[in-house]
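**Student:** Taken in sequence, the protein lines are chains A and B.
Under the working numbering, think of the first position of the first sequence as 1, with each following residue one higher.
Under the working numbering, think of the first position of the second sequence as 306, with each following residue one higher.
Hints listed in this document are in silico derivations from the structure and should not be mistaken for laboratory results.
Using N, Cα and C, we set each Cβ at its ideal position, and we do this for glycine too.
Among the hints, a few may not be true.
Here are the simulated distance ranges between beta carbons [what the hints assert, rightly or not]: (1) A75/A with P572/B: 52 to 58 Å; (2) E109/A with K458/B: 43 to 49 Å; (3) W113/A with G482/B: 43 to 49 Å.
Quick look at which bits of chain B chain A covers, simulated, 3 or more residues with Cβ under 8 Å [to be verified]: (4) 490-499; (5) 522-533; (6) 618-632.
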Amino acid sequence: MTTLLLIEQVLNGLQSGIMLFLMAAGLTLIFGVMGLINLAHGSLYMIGAFAAAAVAGATGSFVLALGASLIAAAAAGAIIEIGVIRRLYDRDHLDQVLATFALILILSEGTRWAFGSFPLYLDVPAALAGPVTLPGGIQYPAYRLLIIGVGLAIAVGLFLLIARTRIGIQIRAGESDREMIAALGVDISKLYTLIFALGAALAGLAGALVGAIQSVQVGMGEPVLILAFVVIVIGGIGSIKGALVGALLVGLTDTLGGVLLPLALSGMMNASAATSVGSALASMSIYILMAVVLIFRPTGLYGTA
Amino acid sequence: MTFKQLLAATCVAALGAGAQADGVKVGMITTLSGGGAGLGIDVRDGFLLAVKGNDDIELVIEDDQRKPDIAVQLADKMIQSEKVDVMTGIIWSNLAIAVVPAATAQGKFYLSPNAGPSALAGKGCHQNYFNVSWQNDAFSEAAGTALSGEAGKVFLMAPNYPAGQDIMAGFKRTFQGEIAAEVYTKLGQTDYAAEIAQMRASDADQIYFFLPGGMGISFMKQYAGSGVDKPVSGPAFSFDQGILGAIGDAAVGAKNTAHWSKDLDVPGNAEFVAAFEAEYGRLPSIYAAQGFDTGLLLASAAAKADVDDADAFRAALKEADFQSVRGKFSFGANNHPVQDIYMREVIKEGDLVTNRIVGTAATDHSDPYAADCKL
Numbered sequence: 001m002t003t004l005l006l007i008e009q010v011l012n013g014l015q016s017g018i019m020l021f022l023m024a025a026g027l028t029l030i031f032g033v034m035g036l037i038n039l040a041h042g043s044l045y046m047i048g049a050f051a052a053a054a055v056a057g058a059t060g061s062f063v064l065a066l067g068a069s070l071i072a073a074a075a076a077g078a079i080i081e082i083g084v085i086r087r088l089y090d091r092d093h094l095d096q097v098l099a100t101f102a103l104i105l106i107l108s109e110g111t112r113w114a115f116g117s118f119p120l121y122l123d124v125p126a127a128l129a130g131p132v133t134l135p136g137g138i139q140y141p142a143y144r145l146l147i148i149g150v151g152l153a154i155a156v157g158l159f160l161l162i163a164r165t166r167i168g169i170q171i172r173a174g175e176s177d178r179e180m181i182a183a184l185g186v187d188i189s190k191l192y193t194l195i196f197a198l199g200a201a202l203a204g205l206a207g208a209l210v211g212a213i214q215s216v217q218v219g220m221g222e223p224v225l226i227l228a229f230v231v232i233v234i235g236g237i238g239s240i241k242g243a244l245v246g247a248l249l250v251g252l253t254d255t256l257g258g259v260l261l262p263l264a265l266s267g268m269m270n271a272s273a274a275t276s277v278g279s280a281l282a283s284m285s286i287y288i289l290m291a292v293v294l295i296f297r298p299t300g301l302y303g304t305a
Numbered sequence: 306m307t308f309k310q311l312l313a314a315t316c317v318a319a320l321g322a323g324a325q326a327d328g329v330k331v332g333m334i335t336t337l338s339g340g341g342a343g344l345g346i347d348v349r350d351g352f353l354l355a356v357k358g359n360d361d362i363e364l365v366i367e368d369d370q371r372k373p374d375i376a377v378q379l380a381d382k383m384i385q386s387e388k389v390d391v392m393t394g395i396i397w398s399n400l401a402i403a404v405v406p407a408a409t410a411q412g413k414f415y416l417s418p419n420a421g422p423s424a425l426a427g428k429g430c431h432q433n434y435f436n437v438s439w440q441n442d443a444f445s446e447a448a449g450t451a452l453s454g455e456a457g458k459v460f461l462m463a464p465n466y467p468a469g470q471d472i473m474a475g476f477k478r479t480f481q482g483e484i485a486a487e488v489y490t491k492l493g494q495t496d497y498a499a500e501i502a503q504m505r506a507s508d509a510d511q512i513y514f515f516l517p518g519g520m521g522i523s524f525m526k527q528y529a530g531s532g533v534d535k536p537v538s539g540p541a542f543s544f545d546q547g548i549l550g551a552i553g554d555a556a557v558g559a560k561n562t563a564h565w566s567k568d569l570d571v572p573g574n575a576e577f578v579a580a581f582e583a584e585y586g587r588l589p590s591i592y593a594a595q596g597f598d599t600g601l602l603l604a605s606a607a608a609k610a611d612v613d614d615a616d617a618f619r620a621a622l623k624e625a626d627f628q629s630v631r632g633k634f635s636f637g638a639n640n641h642p643v644q645d646i647y648m649r650e651v652i653k654e655g656d657l658v659t660n661r662i663v664g665t666a667a668t669d670h671s672d673p674y675a676a677d678c679k680l
């Protein structure tokens, strides 16, 4: 394997990690602040992608489509929080899992009812359709660079929001003691709706960004949701920094494992056996990573007990 | 799920309110929700179109959600409490392997409208198992023959599950040339950046891949944006009508092999395409064509023999006395199809991305596993 190919694969790993971060950030915020396990987070990702595909189909504008994904997912998130989730804060996690699992089914079948069972068309804007040549002669799709840029910008924005703003202070306070900040006069239910909508909007944006290079279809959110849970467990539940580090770790492990393991095994066995054993091991690699992290840091990398 | 029961009830009602005692009761287990739902819905709709107005056939439809455990539960329920005579509908090879042997062992007939795993074609064949679609290797065996000589080195990619392995095995069996690399991806994988980077770095002249459903959409869009310009081809699953609209122009020019195409000039095909479009408001896919043929086959057997007389019914099925929308169709020794396979090319008709036939890839193709089948 050449160095160039390796660098390209590292970029791919970064990009997939950044996308996971957008999903995991919302999930970890919601869990950290509200103590809620939201299985329907993947459905919000799907809603973002469908809203983007519908608006892009109607207007032809990708920027409008991204805007629509943010608004649609945030609105759906706010409605879900007010209509369903609000009743679940005092219940145990099993009730929350049941209710949000029901939401997955309702949202999936609702989307199927509204848009049909066949995947929708959403493509990258023409200006970003081709590859760009990076220093060193690496050809890399322009759109994936945009994803990396947008993701990093959002990561910085979230850090600033949480560390420097009044809402950020309230969020951190809510994380450590929700009764206390309610007693201090913060409207906790409004804060919860806001956080839920923010997490939903990030998931929706991720769905729209990824939908342009993947397939926009019912059920697209669930595989990502599983990875996002792995990310927040590795990073430590409730920690945005943990979500970023965990997402990049998972993205890089997943991508590089799939490439390097078959290559490493090909020295030991024949080519087709190495391919199949290697790809089987690669699918396990992120879960092995999670297990190893949990052995040494039972609360995750940045989690607090 | 209430919606499903309602749907099934409606279908049954539509198919003849007074289900006759001597009719054939059919249990259809197919994928109607989740990521692979487009395929199951096409099979179901094609099947319903074929048996529309036929009072001999009573139908129960259930959704397997693409999960083997659910498919097995549904099959048990259909056999034990619904007492169906014939089962059909499964899309995915891993589900078929889980359900079919148990069903045929209990004396039920199974007609496969999709999925032809090699495990059920050779030693595991059964007199009550009829495959109306293809053995998994078929399209890629034809492609391997067609690409030999002209393609140069080929880069192979497929998901790591029974059908992916069968299809790559089929290609390698007939392809005379060099394989540059062989990559197996996760089933359901959505990001192919790592594989595309390998394609760019390899010295392959051509990419041959099998990625059904949403996986194919993701790959084709990412491949188009990557700037790698090696020609791509694959079995029709990666370029079928249900997903071409979502891939868009990125697919145009890709070659693919199939037993059917909407422009195939055989008796009944143009009528089928028109009727399907009129009924459902979309163009049929190969899955719809397979569902339609499965319905026709069942109706032809039900008209000839009573399903309670298993030997007569089996003989009636084996005759395959129906006008397939694929033209010639008959069953080989292992109850798998003997049929022609065509080379198709993705084209643009106005705004519509679709396929047209550019040649014949294999004539009277049958699968290589028949020799292992003791029927």
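**Student:** Determine for every hint whether it applies to the structure shown.
**Tutor:** Hint-by-hint comparison with the structure:
no. : hint                           : result
1   : A75/A with P572/B: 52 to 58 Å  : holds (53 Å)
2   : E109/A with K458/B: 43 to 49 Å : holds (46 Å)
3   : W113/A with G482/B: 43 to 49 Å : holds (48 Å)
4   : 490-499                        : holds (count 7)
5   : 522-533                        : holds (count 8)
6   : 618-632                        : violated (count 0)
Comparing the model with each earlier hint shows a violation of hint 6 alone; every other hint is respected.
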